[in-house]
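A.B. asks: One letter stands for each residue in the lines below.
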Amino acid sequence: DAGITQSPRHKVTETGTPVTLRCHQTENHRYMYWYRQDPGHGLRLIHYSYGVKDTDKGEVSDGYSVSRSKTEDFLLTLESATSSQTSVYFCAISGTPNTEAFFGQGTRLTVV
Amino acid sequence: KNEVEQSPQNLTAQEGEFITINCSYSVGISALHWLQQHPGGGIVSLFMLSSGKKKHGRLIATINIQEKHSSLHITASHPRDSAVYICAVSFPGGGADGLTFGKGTHLIIQP
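Order-wise, the sequence lines are chains E and R. Position 25, counted from 1, in the first sequence is what this note's numbering calls 25; the numbers after and before it change by one each time, with no gaps. Position 37, counted from 1, in the second sequence is what this note's numbering calls 37; the numbers after and before it change by one each time, with no gaps.
Calculated from the structure, these hints are not laboratory results. None of the hints are false.
Simulated pairs of lysine to any residue, SDA-like, Cα-Cα distance not exceeding 20 Å:
1) R:K103 / E:R44
2) E:K57 / E:T20
3) R:K103 / E:G40
4) R:K103 / E:E59
5) E:K57 / E:R30
6) R:K103 / E:R108
7) R:K54 / E:E100
8) R:K103 / E:Q105
9) R:K68 / R:S26
10) R:K55 / E:T99
To list a few chain E residues with every Cβ distance to chain R over 12 Å, as calculated:
11) Y64
12) K70
13) T82
14) V112
Even for Gly, the Cβ is constructed at its ideal location relative to N, Cα and C.
Full structure from sequences and hints, please.
C.D. replies: The following block contains the structure:
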């Protein structure tokens, strides 16, 4: 199995608080992605990174920011959590854009 | 808009049956992925293909580039195959901006 770990696995937070999710990889892959998974929508891209300090927005980036200061870590921050951000968040990695993608176990976030 | 459509959305079958899940997409792609997600679980990559056919155990994936269509087949299905199967594609131009996903097919195999 690819070495990719998400933390925390579960979190409940209050509306308006900042939240940071962490994705850690041991594969030295260049590309890292944050997706959210919601019923009826499938997985949607929030942000992605194509190298250290190189990031870009995805389809549903509003209310989220990311940082990548090291190859192995990609952080997703909800600046001020809202109930609409209750979701399951998945991190994924790949060596190149068109090679196999590996996914973390997911983080279930509930905003109350 | 680049779309990925899967069918059926839900499928219930008896153990031993031959299963087919379909995926169609609207524009040219560079690669197509089939993924598996068990309830409450993570997402596992089953296949990545850009042409032809691939086989792994009881799973077979095919793609027809001209028709913009792919199928995932499961032979001799078993209750442990019960999961959500997700089709995803990457588009030409590098695809650095990730995958575009179908909404998944929820498969239940009854003993």
